[in-house]
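Chemist: Starting from the structure of chain Y, add chain C where the hints point.
Order-wise, the sequence lines are chains Y and C. FYI, the numbering used here numbers position 94 of the first sequence as 94, with every residue one higher than the one before it. FYI, the numbering used here numbers position 45 of the second sequence as 45, with every residue one higher than the one before it.
Honestly, I wouldn't trust all of these hints.
Below are the SDA-like pairs computed for lysine to any residue, each with C-alpha atoms no more than 20 Å apart in a straight line [to be verified]:
1. C/Lys93 x Y/Ser61
2. C/Lys93 x Y/Tyr50
3. C/Lys93 x Y/Lys70
4. C/Lys93 x Y/Thr55
5. Y/Lys57 x C/Asp97
6. Y/Lys11 x Y/Thr82
7. Y/Lys70 x Y/Gly3
8. Y/Lys53 x Y/Glu79
9. Y/Lys53 x C/Asp97
10. C/Lys56 x Y/Val52
11. C/Lys93 x Y/Gly3
12. Y/Lys53 x Y/Asn28
13. Y/Lys11 x C/Lys57
14. C/Lys93 x Y/Tyr100
15. Y/Lys11 x C/Glu41
16. Y/Lys70 x Y/Val52
17. Y/Lys57 x Y/Ser67
18. C/Lys93 x Y/Thr103
19. C/Lys93 x Y/Thr82
20. C/Lys93 x Y/His41
21. C/Lys57 x C/Leu45
22. C/Lys93 x Y/Gly95
23. Y/Lys57 x C/Pro39
24. C/Lys70 x Y/Tyr100
25. C/Lys109 x C/Thr48
26. Y/Lys53 x C/Glu54
27. C/Lys93 x Y/Ser67
28. Y/Lys57 x C/Lys93
29. C/Lys93 x Y/Arg44
30. C/Lys57 x Y/Tyr100
31. Y/Lys11 x C/Pro39
32. C/Lys93 x Y/Gly58
33. Y/Lys57 x C/Glu15
34. C/Lys93 x Y/Glu59
35. C/Lys93 x C/Gln80
36. C/Lys57 x C/Gln80
37. C/Lys70 x C/Glu54
Going by beta-carbon spacing under 7 Å, a handful of chain C positions derived as facing chain Y [claimed, not checked]:
38. Gln33
39. Glu41
40. Gly42
It is worth saying that the hints were derived from the structure and are not from the lab. Given the structure is predicted, the values throughout are model-derived calculations rather than measurements. For glycine and all other residues, C-beta sits at the position ideal for the given N, C-alpha and C.
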Amino acid sequence: DAGITQSPRHKVTETGTPVTLRCHQTENHRYMYWYRQDPGHGLRLIHYSYGVKDTDKGEVSDGYSVSRSKTEDFLLTLESATSSQTSVYFCAISGTGVNYGYTFGSGTRLTVV
Amino acid sequence: TQLLEQSPQFLSIQEGENLTVYCNSSSVFSSLQWYRQEPGEGPVLLVTVVTGGEVKKLKRLTFQFGDARKDSSLHITAAQPGDTGLYLCAGAKNNNDMRFGAGTRLTVKP
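Bound conformation, chain Y alone (with noise of 0.2 Å):
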């Protein structure tokens, strides 16, 4: 398997906390990913990294950032949760891009209360 994990898997925060998630992989891929899932819409991009300190803007980055401070770590911060970021989290890693698919990881079940 390839090894990516996500902590935590679950979290109950509370409205206008900051949040921060965490991906971790051993495979030194340089594409790192970060989509939120929910019913009715699929997986969205959120943010991703192509590179250590580099990253970019998701179709859905509004009240999110990001850090890539290390190959195998990248971090998603909610810089103030809200009910509508309740969802489900998922980081995915690649190691040439998106023509050769992707490897998730478990998810972060967020419920912003």
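Modeler: Same frame as chain Y, now just chain C:
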């Protein structure tokens, strides 16, 4: 509006039946991928198709990429309960821009 429309949204069949699910778009993609996702887990890549008209087979699963690279289909022969899951298609528009459909939820009853 989804860039990729998958149909049907839900499909419930008996073991042994054949089925086809569809992934359609008005956009052209450089490649298209199919994933299967089980409850509580992340999607798992099944196949990537790159060339228009390309057909790939994976045991009882047959994947086809449309000639114009805008659509794709997944056909399962003699479905089994182990095929149950959420099937997602994803199209790559350029590097790092992958768009997912909302999925087809398949249930295969024994």
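Chemist: Tell me the hint numbers this structure goes against, listed in increasing order.
Modeler: 3, 10, 11, 13, 19, 23, 25, 26, 27, 33, 35
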